[in-house]
Amino acid sequence: KAGVTQTPRYLIKTRGQQVTLSCSPISGHRSVSWYQQTPGQGLQFLFEYFSETQRNKGNFPGRFSGRQFSNSRSEMNVSTLELGDSALYLCASSPEGQYGYTFGSGTRLTVV
Amino acid sequence: QKEVEQNSGPLSVPEGAIASLNCTYSDRGSQSFFWYRQYSGKSPELIMFIYSNGDKEDGRFTAQLNKASQYVSLLIRDSQPSDSATYLCAVNPNQMQLTFGSGTQLTVLP
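The listed protein sequences correspond, in order, to chains A and B.
Residue numbers for the first sequence, in my numbering: 79 to 190.
Residue numbers for the second sequence, in my numbering: 23 to 132.
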């Protein structure tokens with residue numbers, strides 16, 4: 079069974095640009111969530127989608143957005159990038175959400 | 023007060039010893055609890071989950087939950103150098119997200 083696939087693995091962007099990250103969950107998993115990991119703040123929840131609906135959102139500015147498609151694949155978008163957005167962005171999927179999440183390998187975003 | 027707190031590391035144990043990792047949480051309504059292991063440069067890997075008070079054993083790992091004390095722990099028996107990693111405690115307060123602690127870095131010395 080294929081795991082959670084995130085693309086791209088690495089990204090370098092310039093301040094002010096926008097970026098889109100992609101996540102393909104494990105087959106059959108309908109819940110997809112996104113996390114940001116930084117050395118200073120640790121793992122922080124961004125948002126969660128289930129059946130194309132955003133059910134929960136973390137405490138991040140509106141520059142961070144996401145969506146989920148009918149095949150459960152998800153994308154997250156960050157607009158007007160800031161240096162502080164440099165982080166590892168992790169996607170995780172779960173059958174229903176309460177059973178624990180399986181993480182992808184992450185996308186390492188560097189903003190210069 | 024942080025929502026999920028873990029005992030500060032780093033924690034070093036000799037090979038073959040028991041490593042004990044602790045976690046407290048603030049949301050009394052939390053129903054499920056998870057331990058993730060994260061190797062340097064890798065993504066978190068789920069190693070244990072527990073929903074009910076008491077102990078849950080899986081191989082060398084034992085998770086312990088005490089909802090009255092809002093306390094979760096992970097014991098690693100017969101620790102191996104390959105267990106050296108950061109261990110993250112996570113709580114699922116509303117079944118739609120995980121709230122993580124800051125992690126405890128474990129080093130198992132050969």
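These are calculated hints, taken from the structure and not from any lab test.
Where hints are given, some of them may not hold.
Unchecked claim - Simulated restraints, written as ranges between beta carbons of each label pair:
(1) D77(B) - S157(A): 29 to 39 angstroms
(2) Q119(A) - D77(B): 40 to 50 angstroms
(3) L161(A) - G81(B): 35 to 45 angstroms
(4) N149(A) - D80(B): 28 to 38 angstroms
(5) N137(A) - N29(B): 22 to 32 angstroms
(6) D80(B) - R108(A): 17 to 27 angstroms
(7) Y93(B) - S164(A): 28 to 38 angstroms
(8) L131(B) - T116(A): 38 to 48 angstroms
(9) Q119(A) - Q53(B): 49 to 59 angstroms
What the hints assert, rightly or not - Chain A regions said to be covered by chain B (calculated; three or more residues, Cβ under 8 angstroms):
(10) 96-105
(11) 137-144
(12) 154-161
Here the structure is a predicted model, which is why all the values come from computation and not from measurement.
The beta carbon of each residue, even a glycine, is placed where N, CA and C say it ideally should be.
Whether the CB-CB distance between D80(B) and R108(A) falls inside 17 to 27 angstroms:
holds, 26 angstroms
Verify this for me: three or more residues of the stretch 154-161 of chain A with a beta carbon less than 8 angstroms from a beta carbon of chain B.
violated (count 0)
Pairwise beta carbon distance, D77(B) to S157(A), judged against the given window 29 to 39 angstroms:
violated, 47 angstroms
Does the Cβ distance between N137(A) and N29(B) fall inside 22 to 32 angstroms?
About 25 angstroms separates the Cβ atoms of N137(A) and N29(B), which means 22 to 32 angstroms holds.
Note whether the CB distance of N149(A) and D80(B) lies within 28 to 38 angstroms or breaks it.
Between N149(A) and D80(B), where Cβ atoms are some 33 angstroms apart, the hint holds.
For the pair L161(A) and G81(B), does the Cβ-Cβ distance stay inside 35 to 45 angstroms?
For L161(A) and G81(B) the Cβ distance comes to about 43 angstroms; the hint holds.
If you count the residues of the stretch 137-144 of chain A with a beta-carbon closer than 8 angstroms to a beta-carbon of chain B, do you get 3 or more?
violated (count 0)
Could you say whether the range 38 to 48 angstroms given as a hint is met by the Cβ separation of L131(B) and T116(A)?
Violated, at about 29 angstroms.
Okay, Q119(A) versus Q53(B) on CB: inside 49 to 59 angstroms?
This hint is violated: roughly 25 angstroms between Cβ atoms.
D77(B) and Q119(A) - C-beta distance against the hinted 40 to 50 angstroms:
violated, 32 angstroms
Counting residues of the stretch 96-105 of chain A whose CB is closer than 8 angstroms to a CB in chain B, do you get three or more?
violated (count 0)
Please test the hint of 28 to 38 angstroms on the beta carbon pair from Y93(B) and S164(A).
Taking Cβ atoms as reference, Y93(B) and S164(A) lie about 35 angstroms apart, which means the hint holds.
Taken one by one, the earlier hints fail for this structure at numbers 1, 2, 8, 9, 10, 11, 12, listed in ascending order.
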